[in-house]
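Q: From first to last, the protein sequence lines stand for chains A and B.
Going left to right, the first sequence walks through residues 23 to 145 as this note's numbering numbers them.
Going left to right, the second sequence walks through residues 3 to 338 as this note's numbering numbers them.
Simulated from the structure, these hints should not be mistaken for lab results.
Treat the hints with caution; some may be incorrect.
To be verified - Label pairs and their computed distance ranges (CB to CB):
1. Gly85/A - Thr19/B: 44 to 54 Å
2. Ala97/A - Gly96/B: 35 to 45 Å
3. Arg145/B - Tyr89/A: 17 to 27 Å
4. Arg275/B - Met87/A: 23 to 33 Å
5. Ser73/A - Arg275/B: 30 to 40 Å
6. Met87/A - Ala222/B: 35 to 45 Å
7. Arg87/B - Glu71/A: 49 to 59 Å
8. Ala141/A - Lys129/B: 45 to 55 Å
9. Ser333/B - Glu71/A: 17 to 27 Å
10. Gly285/B - Ile96/A: 53 to 63 Å
11. Gly33/B - Gly116/A: 42 to 52 Å
To be verified - Only pairs whose alpha carbons sit at most 25 Å apart, straight line, appear in this in silico DSS-like list of lysine-lysine:
12. Lys147/B - Lys50/A
13. Lys147/B - Lys136/B
14. Lys295/B - Lys249/B
15. Lys50/A - Lys295/B
16. Lys147/B - Lys231/B
17. Lys94/B - Lys136/B
Even for Gly, the Cβ is constructed at its ideal location relative to N, Cα and C.
Letter by letter, the chains look like this.
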Amino acid sequence: MSEALIGRRILVVEDEMLIMMQAMNLLKDLGCIPVAAATIASALERLAEASFDSAMLDVNLGGMMSYPIADALIALSVPFVFATGYVDGDSRTGYMTHAVLQKPFRAQQLSEALEVLIAGKPA
Amino acid sequence: MEHFRQNLGPFVVAAETTRTPMVFMDARRGGHRITFANDSFLSLLGYARDEVLGQSFDSLMAPGVQPQAWSQVLSAFEDGSDVDREVRYCRKDGTSIWASMRISPVRNQDGVVVQHFASISDLTAHKQEQAELKLLVDELNHRVKNTLSTVQAIVSQALRNSSDLAVVAEAVESRLSSLSRSHDLLTRESWHSAGLADVILAALDPFGVADDRAERFAVAGENIRFSPKAALAISIAIHELATNAVKYGALSNDAGCVRVTWALVSPNGESARRVVLRWHEVGGPPVAPPVRKGFGSGVLECGLAYELAGVVQLDYPRDGVVCTIDIPAPSEAGHE
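Only chain A is shown next, with the shape it has when bound in the complex:
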């Protein structure tokens, strides 16, 4: 377990219930404090309520693209990783420089992605 992730607050935006629970469990195992949101509105509410160290963002939330959340995270300087089932063909135009986890991802891929994000974040 990486020390870097212990106690980190991670926003998990995912609208498939079981995938979300799985991500929450993985993050708890890593020592993180995950906070869940399944819609754009609830994710934006969570971001307004408290600060986060990083976020994991599903690209497609029930047919709605999660870009408004991505924009809010960028504005707040919260580093994030996209999680998506799209190989290509999604329109992540403007966000192409952001890290992407291809679903289904392994626990280690998630922890490595978050470590990179958190290490790269200015203190």
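Fit chain B to the supplied structure of chain A, relying on the hints for placement.
A: Relative to chain A, chain B alone:
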């Protein structure tokens, strides 16, 4: 036109009535003046015949075509080759079509090119189908990846909750089969939405709601339409409650019953309507609260609550488990 008819008889009828858009042009005057255009050509581009006859083919077709593509068309006049590249042309009303064009020279007895003949294949519908197919394949791929992630979650949760392989296998099989039935239901509805009653009855089907345990279920409520995502989540939750009832609750003896009821409600002072669903077990063995929380209660209290932005209350009174699921009504809560 009369000149054509006299000389070529049946061929003119063929050219006039074929579905393939066709034009003849005079090769000896600049700009390829149109001398014949069939009905298909006119309807493809949206012109009347008198707007086309005597006009320059070039000035009619060139607008809206990319310069590079147009120079390919022009070079086809020179060598009589196909313009096999798909070129976008502009119709009279400004809309565009995709088409490929074949241009052939017509020579006289001395071998001099006197006319050009152009036939066009309209590729607009084909292009649209291609685009739709690409969208469909991307969406299918996305759905497959999400389903694989869900399967991964199911297996990993089962392993987390037990180290007994037989228990893990049973949990995985039962949940995958439940997921599969939900997919069947949503596929029948073309993945637009699903009715709550249909979702619940499908989830309870393997527990005998329609046959051997029919008298032990009371399911009542309107068939409120939920989104596919919400329907899947509710279906998983109902499956977990029923599994629990078979193992420990009202369905673990010969006498217990499960009542599943729901209604649309408008709480005081709130304009937004909610759906309140109650799972109520009666007649089972005396209930004791579980020592440790398993996957089922996780699904209900954590997963479902987040997924549907609702409140889920799971209680263990001695005479039967009660689960109350209080969620926002779908924005266009209709029923059948």
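Q: Broken hints, numbered, in rising order?
A: 17
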